[in-house]
Structure formats: C-alpha cells, structure tokens
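Visitor: Residue strings, one per chain:
Protein chains: 2
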Amino acid sequence: MKPMGPIPPWFAADEGMLLIGGCGAASLVDEAGDTPLFVYDMAIVEAQIRRFRDAMPGRIDLHYAIKANPYAALLTHMVGQVDGFDIASGGELAMALASGMAPHAISFAGPGKRDDELSAAIFAGVTINLESEGEGRRALAIADRIGKVPRLAVRVNPDFDLKGSGMRMGGGAKPFGVDADRAAALARAMIDGGADWRGWHLFAGSQNLDPLAIIETQGATIALAARLSDTVGATPPLVNLGGGFGLPYFPGDVPLDIRPIGVALDSALESLPDILTDSHFALELGRWLVGEAGVYLTRVIDVKISQGETFIVVDGGLHHQLAASGNFGTVVRRNYPIAIANRFDTPAASDPVTVVGCLCTPIDRLGDKVALPPVKEGDLIAIFLAGAYGATASPAAFLGHPSPRELLLG
Amino acid sequence: MKPMGPIPPWFAADEGMLLIGGCGAASLVDEAGDTPLFVYDMAIVEAQIRRFRDAMPGRIDLHYAIKANPYAALLTHMVGQVDGFDIASGGELAMALASGMAPHAISFAGPGKRDDELSAAIFAGVTINLESEGEGRRALAIADRIGKVPRLAVRVNPDFDLKGSGMRMGGGAKPFGVDADRAAALARAMIDGGADWRGWHLFAGSQNLDPLAIIETQGATIALAARLSDTVGATPPLVNLGGGFGLPYFPGDVPLDIRPIGVALDSALESLPDILTDSHFALELGRWLVGEAGVYLTRVIDVKISQGETFIVVDGGLHHQLAASGNFGTVVRRNYPIAIANRFDTPAASDPVTVVGCLCTPIDRLGDKVALPPVKEGDLIAIFLAGAYGATASPAAFLGHPSPRELLLG
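Chains as they are written, first to last, in the working numbering: chain D, 1 to 410; chain L, 1 to 410.
If we strip away everything but chain D, and leave its shape as in the complex, we get (with noise of 0.2 angstroms):
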C-alpha cells in the first residue's frame, strides 16, 4: 500500500454519500448529466476568503490569480469578493473582463507577452507587469501609437527565493521579470516614457506551507521593493508582494498556518520604511483560494485483476487531471487523496487498489496502490485537490474523450 494525501477537512458524507456543498455527490452528477465531472463548492472558496480577511492586515489586497481556475461561472462569483484578479494572457485578460472585475483591479504577468496582448491590455486599461526591458520599450511603443497612457508595473526577479516551494521563482537566473539589480532603471524609464508606473511586482515562490519561509520572504520582498523605490525615487502604488501560499496535497504535508504570516505583515506595515507609507500591498493566490473546493468525480468502468492486483478504470483520466498523475512538474509520482464517493465512510479493504484512467498509456494513474473500501463497477471515484490547475492545466484533446463537465456550487 502507498500512503495518499489528507482528504481536505470540508467533506462528510450523509448515509454513505460524499457530500459536497450539502449535495450528495450522485445528485451532482446527474445535475451535470455525466461523469467525468469537476464540482467546485464556492463555499469552500468563500471560507479561505474570510480565513485569508480574518488573518491578514486590513491593508493587505488579495487577488486571484485567474490561472488557477478560470471557469466563468468562478470568475464571476469571485468578483467583489476580493479585490483583483492577476492574469497571464490575452485570453485570461478577456475572461476577466467578461467577469465583470473593473480592468484597474486586474493585472497581467507573463513572460512572453506578444504585442496584441499588450495592446489589448493598454487598450482595457489594466496594469501591466513588465517582464523586460524589451517588453516595457514595445509597451511605450504600443501605448504611443494607440494614445492611451499605460498603466505599467515592473516585475522583478527577487535576489531570494522562497524556501521549499513546489515552483521557486526566483533566486537565480530565471525568465520572470527583470534582474532587482535592473528593475529600478526600467521603472525609471518607464515614467520618464510617460507611462503610469504603478509599482513592483515580485513573486518568490508557490505552493509553499512553511509560515516562517514566507515570513522571511515577505520582509525580504518588502526590504527590496523599498531599496527599488529609493532608487527610482517614488513611491509605488501597488507593491504585489506575490503569492507562495500552499495546500496540503500528499501525505506527510501539513497544513499551512497563514495568522502567523499576519502577524508578520501586521509588523512589517507598521515599520515600513518611508518611501513605502503611502504604498497599497498586494497578495496574489491562486492554488491556495480555489484547490480544496474543487472535486473530480469520475465513475468507475472496470474493476480488473491482473497478476494479483487489482486495477479500477474509470471513466477520467490524466487528460483532466495531469496533476493527480503525477505528469506537471513533480519529479517522484505522489498519492492525490482519493475515496469512493458512495461509499465514503466505508473502511478501507485490506487489499489496495491502483486507481487508472480510460487512457490507453501507463502513465494515466489517478491512484498508485492506494487502500479504498470494495469498489464496484458504476461506483463513483472523488479525486480531491481538484479545484486547481485541474480541468485547464490537463490535455483534453488527449485520445478525443470528451471534455470533462463542470458545475459551480454558489
């Protein structure tokens, strides 16, 4: 048996059922119509909202990062709840305005930014997070020949980075922002150009669940924002402090505390060093927002042995769910939590299961040798973790199956 990730503590069952959003889950799915389908409980969203307001300092903006999950149905329900959204193409620039989030609360980072995305952001009005020297001269460029003042930010590649994060980025040589020993002249250069410069956007790492490794980053990234400022000598609008804030997927993880990082801010704003006291600050999540309330639910074709082990084919697969497989940027294949919705509160057989998609490749493992309860043909498999990088991060043309369905629970 290979252990799995903690299911995440807002799911209970009600006579057998996984309950999401109070709905059993087989309700869900004929709502839907048909496995395979993501259920996404806004509930669960709104709990990490308010769990993120309780703990932070008043002061402190939270944006989504739209990347994450940008079903629309999300987006909209995720306006006025929090205060902006960060983007990371043209397509997610026209998602959130379709949204409804006003185009000064959105921001677009990126690092291959092509010149009819920059003009349709100047053109909308949202802040663009220059990525290089290059590209802020062709956002100047754009801006000019469209008469509109753009509305730029410099993204800078922090001379840290944030210890033990699933994605650093930064610490060393990397293709995100611009070097902190450049970003202060490209600001410069960028007000000199007549832009509206609103400020710094650093981002150190992701998918972290150390408080004190995001503590250290966070002053870090405020001590750096301020030494930037002194030297371009204005103070930013906005300093996007980034994100870094991670979920429990595999076992062993442990959930992360955020009142302590709080705290840290709470201090950290009192002292600010002057340039910064009339700054607005910024955290940018994602992952950390939407993961937990998202379920893939997934229904069960097959239950057959070979060699001695059993295998459960369902009718999902890696072309959903690349992560849960263990194929988007993880080295050593991990255990998602994974349970029998109609049986959730079943004890687990003694034997394990190895949980497999429809695919016709072995690398479409949903569960490796993980312990579930006796599984049936037509039972419903529930993948947890689901609400993130999930239904657009998968190749779902793979094998032309069908698209998964998607239902919000608002």
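FYI, nobody ran anything at the bench for these hints, they're computed from the structure.
None of the values given here were measured: they were computed from a predicted structure.
Mixed in with the good hints there might be a few duds.
To be verified - Chain L stretches covered by chain D per the calculated footprint, using a threshold of three residues with CB under 8 angstroms from any CB of chain D:
# : region
1 : 130-137
2 : 325-334
3 : 397-408
Idealized CB from N, CA, C, for every residue including glycine.
Assemble chain L onto chain D, guided by the hints.
Guide: Relative to chain D, chain L alone:
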C-alpha cells in the same frame, strides 16, 4: 551547455531558411497566418511508410495508431496508404470513420471503454480489442441489444515486456488487456457467445530503439499467440503484434534500423506454428510514422538576460508541446532537437541559451542551455519531433493562450 537530440535527417536549409516539404518555414507561417504552428510533411510520413513496406514481409499489415496525431487532413491522407487505424476512444472512432477508413480495418483498444463507446463501435462494425472479461460481457450484452454480431479481439497482457521501451505495456500487473493465462478462456467465451472473434492484440511496449529487443519480443508474441490459439482451438484471423518502433529524440539516441526486424519476421512467418498459418499479422505504429514529419514553429517574443544567463522567450510553450518540456511521462528532462528556423545553417554561438515558453510557470522550458546561433526578437524557433504527441497531447487551454495552428503539406 546541455546537449540536444539529433535533428531528423529530412531537413535542410535554403539561404539559411529551414525547409519543410520544400517550403521555407517563414512562408509556411505566412500561409498559416501566425505562430505557434505545427507543420506536418506528408512526404516524410510516406517515406516512413515506404521504409516499412520495403523492410517488412508483405504479409505484415501496417496499422496507424491515430492517437499519435489525429489531425483530420493527416488521417485522410493516411487512408489507402496504411492497412488500418487503431483508435482509443469513441471520439477517435468518429475521426477514423470521418477519414474514410473502412470500419473493418479499424480496431479499438483502451482500458476504460464506456457502454456508449462499445455500442458505437459495434454498430459501426469495427473490431474491439477487449481489455477484460467484464468488457467482454458488456460488449456481448450491447451487441445483443442492438442486434449486431460484434467483432471482438482479445487484448493480451503478455507475460513478458519489450525491454528498453519508453513505455512498458506488458510483463507485470497491468491495466491493459487480460493476463495471458486467462486470454484463451475469454476468447472462447466470446466465440461461444456468438461474437465474430477477430484474434489477438498483444502490445508489449513502445518507443524502443533496440532491434534485437523488438525481434525477441515479436518472436515471443507469435509464440504466445500460437499457444493461446491452440488452447482456444481456432485460428485467429488477425494477430496484432503491437508496435514499439522508436524514434531518436535525445542526445545519444541511435536511430532504429528496422531491416533486421523485417528479416526476423520473414523467417518467423516461414516457420509459423500450424494454427497460425492462415492468420493475418499487423504492426501498429503511431509515433514512428508521424513523429519526424512534424515541426513546431514558434516566434521569439523576447531575448532577456538574467544573472548572466540568456533566456529566449517564445510565443509557444508546454501548452502545445508538453512532451518537449519534459512533463509527459519522463522523469529526467532532456532537450528535444531545436533550431532557429530562419538561421538554420548558422553555427552556434559560444554561450548556451535557454528557450522558454510564454507560460508563467518555471516548468515551461523547451530547451535548457542549448547551443543556438545568436537569437533575435522575431526569429522563428523550430522544435523537431513534433509530429506525434504534440498538439493533442498538451494542455492547450492552460493560461488561456490561443490553440496552435496546424498545416499539412500533402
């Protein structure tokens, strides 16, 4: 510097511009309208088909596994040139039928076939490669309900594997097929149940570059098919020997010489066990037929320096070429062959560069510290080996970027 795989031998330059199918890469981009673009050269596919026909005994049919690349125009061109299509879903069934391939030349494998997929396949008259006893029961029941005689083969999980394969599909507990010791009983049950038994499907591994390993496995496969057929007491109409022919993707990979495989197969067919003397045989190839025919063209958006390292940022990325980023079943990331299409014959600069996609994630790396000629904004980067498991095997919706364009040179 880190090495990259060998550029396939089909490509040359004219006045510095990479030629694909005799056309300059830049003019192909103009024709398609924009980058990112997959170009598929049917002449290379046809050369591979000829190479197969020249090397293999005439009695060995050639099937194309369309999962490797189901681009509609490519499938249409394949009809009449290969002897059958192998499909892996109801969606691929629709594509195969739309291409004009005859239903009796289509076979359907895949561990999680839903009832609606079995029903469509039986109705169309394609062969279903049964993956389990349960699937066999469901197929018979559905055939009975719709009043058709189902064409059923049995997929066998062989008791050996194809040594040195990129993906092992046999030789242990597997979700594919039924274990060899139960395969004959399943075939017998299907015959007794009124099915049109089509024979065996044995797939021991894929992406293999060792002709001796392939020869050994094919010998074992024929012997196993004979043993199973003797137990059933019937000659299988078709023995699908699987695939396994690999392509050189990475540094040090040596191209597979298929001629000794043909010689060995010829001799195996000369001395077939009695029960197989009237059988047909097929090899099922995907990647080997189309992989080298594809080039992914993506434009340089930015050239940037971070801490002394040069990053080339392009408008494509892992959302189109997941495999090239090392996030599709590979443990250690290695470099696919890459070139500057519009400076194809310029010698490499002395300093290596890192080619990254436009996605805002550190895993979007298409070439890690590779040797390229000096690169400028607007240059076209070519990533080779893009004909198989590219466009459809990548998370196209990730981060909201446009889908890649595709162009077939037929």
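Visitor: Examine the region 325-334 of chain L: at least three residues should have C-beta closer than 8 angstroms to a C-beta of chain D.
Guide: holds (count 4)
Visitor: State whether the coverage of the region 397-408 of chain L by chain D holds or is violated, taking the criterion as 3 or more residues with Cβ-Cβ distances under 8 angstroms.
Guide: holds (count 6)
Visitor: Are at least 3 residues of the region 130-137 of chain L within less than 8 angstroms of chain D when you compare beta carbons?
Guide: With 5 residues in contact (Cβ-Cβ under 8 angstroms with chain D), the coverage given for the region 130-137 of chain L holds.
This entry satisfies every hint, going by the numbered hints stated previously.
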